[in-house]
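Protein chains: 2
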Amino acid sequence: MRPLPFLFLAGSLLTSAAHAQRAEKTDQLVLTKIRDEGMDRSRVMETAFYLTDVSGPRLANSPGLQRANEWTKNQLASWGLVNANVEPWGTFGRGWDIEKSYVAMTAPYYHAMIGAPKAWTPSTNGAVKKAVVVVKAATEADLDKYKGQLRDKIVLTEVGTPPKPGFEPDARRYTAEELKKMTEVPAAAAATAPDADRLAARRAQLALRAKMADFYLSEGAAAVLSTRGGSDGTFFTSNGAPYAPDAKPVLPEMEMAPEDQLRLIRLAEASIPVEIELETRTRFQTQDLKGYNVVAEIPGTDRKLKNEVVMLGAHLDSWHAATGATDNAAGCAVMMEAVRILKAAGVQPRRTIRIALWGEEEQGLHGSKNYVKNHFADPATMQLRPEHARLAAYFNLDNGAGKIRGIYAQGNAAAAPIFSEWLKPLADLGATTVTLRNTGGTDHLSFDAVGLPGFQFIQDPLDYGTRTHHTNMDTYERLPADDLKQASVVVATFVYQAAMRDEMLPRKPQPTAGKAQ
Amino acid sequence: MRPLPFLFLAGSLLTSAAHAQRAEKTDQLVLTKIRDEGMDRSRVMETAFYLTDVSGPRLANSPGLQRANEWTKNQLASWGLVNANVEPWGTFGRGWDIEKSYVAMTAPYYHAMIGAPKAWTPSTNGAVKKAVVVVKAATEADLDKYKGQLRDKIVLTEVGTPPKPGFEPDARRYTAEELKKMTEVPAAAAATAPDADRLAARRAQLALRAKMADFYLSEGAAAVLSTRGGSDGTFFTSNGAPYAPDAKPVLPEMEMAPEDQLRLIRLAEASIPVEIELETRTRFQTQDLKGYNVVAEIPGTDRKLKNEVVMLGAHLDSWHAATGATDNAAGCAVMMEAVRILKAAGVQPRRTIRIALWGEEEQGLHGSKNYVKNHFADPATMQLRPEHARLAAYFNLDNGAGKIRGIYAQGNAAAAPIFSEWLKPLADLGATTVTLRNTGGTDHLSFDAVGLPGFQFIQDPLDYGTRTHHTNMDTYERLPADDLKQASVVVATFVYQAAMRDEMLPRKPQPTAGKAQ
Numbered sequence: 001m002r003p004l005p006f007l008f009l010a011g012s013l014l015t016s017a018a019h020a021q022r023a024e025k026t027d028q029l030v031l032t033k034i035r036d037e038g039m040d041r042s043r044v045m046e047t048a049f050y051l052t053d054v055s056g057p058r059l060a061n062s063p064g065l066q067r068a069n070e071w072t073k074n075q076l077a078s079w080g081l082v083n084a085n086v087e088p089w090g091t092f093g094r095g096w097d098i099e100k101s102y103v104a105m106t107a108p109y110y111h112a113m114i115g116a117p118k119a120w121t122p123s124t125n126g127a128v129k130k131a132v133v134v135v136k137a138a139t140e141a142d143l144d145k146y147k148g149q150l151r152d153k154i155v156l157t158e159v160g161t162p163p164k165p166g167f168e169p170d171a172r173r174y175t176a177e178e179l180k181k182m183t184e185v186p187a188a189a190a191a192t193a194p195d196a197d198r199l200a201a202r203r204a205q206l207a208l209r210a211k212m213a214d215f216y217l218s219e220g221a222a223a224v225l226s227t228r229g230g231s232d233g234t235f236f237t238s239n240g241a242p243y244a245p246d247a248k249p250v251l252p253e254m255e256m257a258p259e260d261q262l263r264l265i266r267l268a269e270a271s272i273p274v275e276i277e278l279e280t281r282t283r284f285q286t287q288d289l290k291g292y293n294v295v296a297e298i299p300g301t302d303r304k305l306k307n308e309v310v311m312l313g314a315h316l317d318s319w320h321a322a323t324g325a326t327d328n329a330a331g332c333a334v335m336m337e338a339v340r341i342l343k344a345a346g347v348q349p350r351r352t353i354r355i356a357l358w359g360e361e362e363q364g365l366h367g368s369k370n371y372v373k374n375h376f377a378d379p380a381t382m383q384l385r386p387e388h389a390r391l392a393a394y395f396n397l398d399n400g401a402g403k404i405r406g407i408y409a410q411g412n413a414a415a416a417p418i419f420s421e422w423l424k425p426l427a428d429l430g431a432t433t434v435t436l437r438n439t440g441g442t443d444h445l446s447f448d449a450v451g452l453p454g455f456q457f458i459q460d461p462l463d464y465g466t467r468t469h470h471t472n473m474d475t476y477e478r479l480p481a482d483d484l485k486q487a488s489v490v491v492a493t494f495v496y497q498a499a500m501r502d503e504m505l506p507r508k509p510q511p512t513a514g515k516a517q
Numbered sequence: 001m002r003p004l005p006f007l008f009l010a011g012s013l014l015t016s017a018a019h020a021q022r023a024e025k026t027d028q029l030v031l032t033k034i035r036d037e038g039m040d041r042s043r044v045m046e047t048a049f050y051l052t053d054v055s056g057p058r059l060a061n062s063p064g065l066q067r068a069n070e071w072t073k074n075q076l077a078s079w080g081l082v083n084a085n086v087e088p089w090g091t092f093g094r095g096w097d098i099e100k101s102y103v104a105m106t107a108p109y110y111h112a113m114i115g116a117p118k119a120w121t122p123s124t125n126g127a128v129k130k131a132v133v134v135v136k137a138a139t140e141a142d143l144d145k146y147k148g149q150l151r152d153k154i155v156l157t158e159v160g161t162p163p164k165p166g167f168e169p170d171a172r173r174y175t176a177e178e179l180k181k182m183t184e185v186p187a188a189a190a191a192t193a194p195d196a197d198r199l200a201a202r203r204a205q206l207a208l209r210a211k212m213a214d215f216y217l218s219e220g221a222a223a224v225l226s227t228r229g230g231s232d233g234t235f236f237t238s239n240g241a242p243y244a245p246d247a248k249p250v251l252p253e254m255e256m257a258p259e260d261q262l263r264l265i266r267l268a269e270a271s272i273p274v275e276i277e278l279e280t281r282t283r284f285q286t287q288d289l290k291g292y293n294v295v296a297e298i299p300g301t302d303r304k305l306k307n308e309v310v311m312l313g314a315h316l317d318s319w320h321a322a323t324g325a326t327d328n329a330a331g332c333a334v335m336m337e338a339v340r341i342l343k344a345a346g347v348q349p350r351r352t353i354r355i356a357l358w359g360e361e362e363q364g365l366h367g368s369k370n371y372v373k374n375h376f377a378d379p380a381t382m383q384l385r386p387e388h389a390r391l392a393a394y395f396n397l398d399n400g401a402g403k404i405r406g407i408y409a410q411g412n413a414a415a416a417p418i419f420s421e422w423l424k425p426l427a428d429l430g431a432t433t434v435t436l437r438n439t440g441g442t443d444h445l446s447f448d449a450v451g452l453p454g455f456q457f458i459q460d461p462l463d464y465g466t467r468t469h470h471t472n473m474d475t476y477e478r479l480p481a482d483d484l485k486q487a488s489v490v491v492a493t494f495v496y497q498a499a500m501r502d503e504m505l506p507r508k509p510q511p512t513a514g515k516a517q
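Protein chains in written order, with the UniProt record's numbering: chain A, 1 to 517; chain B, 1 to 517.
Chain A on its own, in the form it takes in the complex (with noise of 0.2 Å):
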């Protein structure tokens, strides 16, 4: 920690108040015992930790994530949170792991290979040992010739692109010219809703593997092995069938380091023999199909205040192959640290502050989207709840493991100038950008949605796009302890600032009825 620079900055935030929408007012004291608590004292990468390595793959519904819901709701109820609670969502589906995952060449030499099983794909019938065939189909039709070829075979699909020697690093942080153009680029022009063209090919893509699915299973192969790229030893996961208790039966599948797939595939095509040993045992769960988020609560001290709620949270489940370090448990860490921090800073907030760590965001922002629905609004009918009203603001953290540069106003024009006052005295930390663009992919679209306020803040990329977002290395080597000490203390300012402002902060026109998803 550096006091000197930030007690300046912070001087020369009083002088340019009164540019802003209205005057911000901040308790220095507050501020600094926030960041002495968050650099000096903290306990994130030790949260970290117990998300990760000690809860394991926290996919949707899993054993792993109902280990890291009762370890966080007992953990903050520890630190003096109150309320503190695994509240049900609603229903989600079938629950899923892993018992065992082995896949090996055994002809023409042996070779352990990387890989693992998509979720919610079934096991195989022990270890078999089968033949391959390479399928290459772009469409439907391609499939015609592969009629009558498969039975009892292992199906190997297609590397889309091959790794290479990488020439550009796998790790950055953003530029100060990058920032900069962030600010620049007009709201309206940088909204992120996913053109038609693009959604249309991506349902095509997925109606296409469907049916490829299904013709596998009916032409009676034994298993498939796919990719979804990486490198390294490094491969991207998915799922492989859905989680609904009803869904159609698949062939069990494993997602393979492109390496070893790209092998198998150059040895099958030059007619060399090969044979795959295969072993998966998944373990499906469907006695309790309910998802949950966890929430705790840091109750208001204003007597006309503490009614009114400022949420932070962050997903806590992940994709099966690790153990979701940067996606999300890095968001989850910072969040709990941020209240941690405000707990241990002996914070009076005015308005009540409350965590939320979402469940099954993976698959839609499940978690969210109905607490949203459960506790707001209903974005099909924009039936507004009590709660709707009391809302102050919703903090998201996201986007890996990267130190916050800044946060996206999400078009909220009126929300920017108040940002960026915050900033200033986090302006040495290296947060100091406002966006007016939006920006996608996560919870915070759940409350923007209905109208809400709610936020994601800008974040370092690192390695998350290149290397950890839903790969098997998504794990806790690749969260930098520097990176989330400054995120707690930039959320649990930011935090404090929304529960003590005179004011809920401004909110953008209410969206109609059905218009959000």
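For the record, the hints were derived by calculation from the structure and aren't laboratory data. Model, not experiment: these values are computed from the prediction. Where hints are given, some of them may not hold.
One copy or two, it doesn't matter: identical chains are merged, so the pair holds either way.
Claimed, not checked - Here are the simulated SDA-like pairs of lysine to any residue, each with C-alpha atoms no more than 20 Å apart in a straight line:
| no. | residue 1 | residue 2 |
| --- | --- | --- |
| 1 | K304 | E178 |
| 2 | K25 | K306 |
| 3 | K248 | F284 |
| 4 | K164 | E46 |
| 5 | K508 | R390 |
| 6 | K73 | A344 |
| 7 | K164 | A481 |
| 8 | K164 | P480 |
| 9 | K164 | F236 |
| 10 | K211 | G148 |
| 11 | K100 | A200 |
| 12 | K130 | S218 |
| 13 | K100 | P273 |
| 14 | K100 | A127 |
| 15 | K164 | Y50 |
| 16 | K373 | E387 |
For chain A, the structure is supplied; the task is to place chain B on it using the hints.
Then chain B, alone, in the frame of chain A:
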């Protein structure tokens, strides 16, 4: 191929040749044919495929190396080379390969891990499930506190350098400044003899490691999991026991991806019970303890010079956890391609050209050292065989898959200007640099040690040091076709020049007996 700049440069070569020690005669037509064949009708990637994917891992005296020996001998013969032979060089030791490799964490939850048995380690007793003990020992005395603690446990050793987000690219090419700098360093200052301190430290480390292995065995541990570094699913490999048939027994030991090893260690150190399931089945081969090199020739056509020999070579053996693509299928594929090009281009060399693909390089340059001893001279006595007087030059390639940027003249000041002349028509391919520096670590040293002119080319590093050298990710994907084509043309050109010039390459002063290793 770009014939115009080539012809232009070739023209300029003729005018500047007078500056060299002696004018190098150049047959433009042949050089053009070599380039055309190497660039437009390359088969180097096909050769690389057979060396890597088809042969598999090629550990010293392993079935994979035997497959590669047979294939390369036959392939060289099929291209019209003569005297193709798998030539024994003497006694090596036991062969070894992997029949099964499986390691997973089974408590506190299931996680399939990435690793491979260390070379020459024994099998586990089927699949075993055991608890773990983390051993931290920098000295033999540090082991004392583990006495009585290891029985039936899996020993976890420490991880030197934990992985973290990578802000530097894996792969790079030499810059013009770096190449220039290489030429500026005086040869004497750049001598690469390992200094005594470093050797002593290395010996002490090996001795400690042997003591630790004895300790784990005598304490009744079940197995060892260790790491030698890596990240992202890439791990480095080595041997866990000597290859001598009478080597002392050791425990089964696996080298692990550091991310997996670190997770185990963090959990164990937090007193969370960890259970490992482990199954390795390895096979020793003691029927044939001999080591082999593959050799083949293009006979010389000049009545006076055909008994003189120009050699080119690379090592065919590799480590065991990948297919040794950059170390050193790349070098072998390029050397094979160079002789194929020379045959296809109809070259009638004055001297005999002999390719050698060395065995057992990774265990101490055994193949080339013993070939030199059998054919040329014993470095211990410096008694010269008749062939010693007739070796014009030896060219080696073993610094990965990067294109050739020049050549290490290995302190041979008389050879340097000749190489400079030979490089001139190759300048547009990026091969321009002659350095007097020595370079070590590979088979040209076996020649240099007995006063024979042995040289290694300068190659772009790519991701050799960071990602492929002795790792589980040294696979076919790491071979850039353009780099290997370029290298093939450069090598073919050098070999052609050496086979055609009036004199053999000049030599350095002869070493005295016993000086060389």
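Quiz item: Hints broken by the structure, by number, lowest first?
Solution: 1, 11
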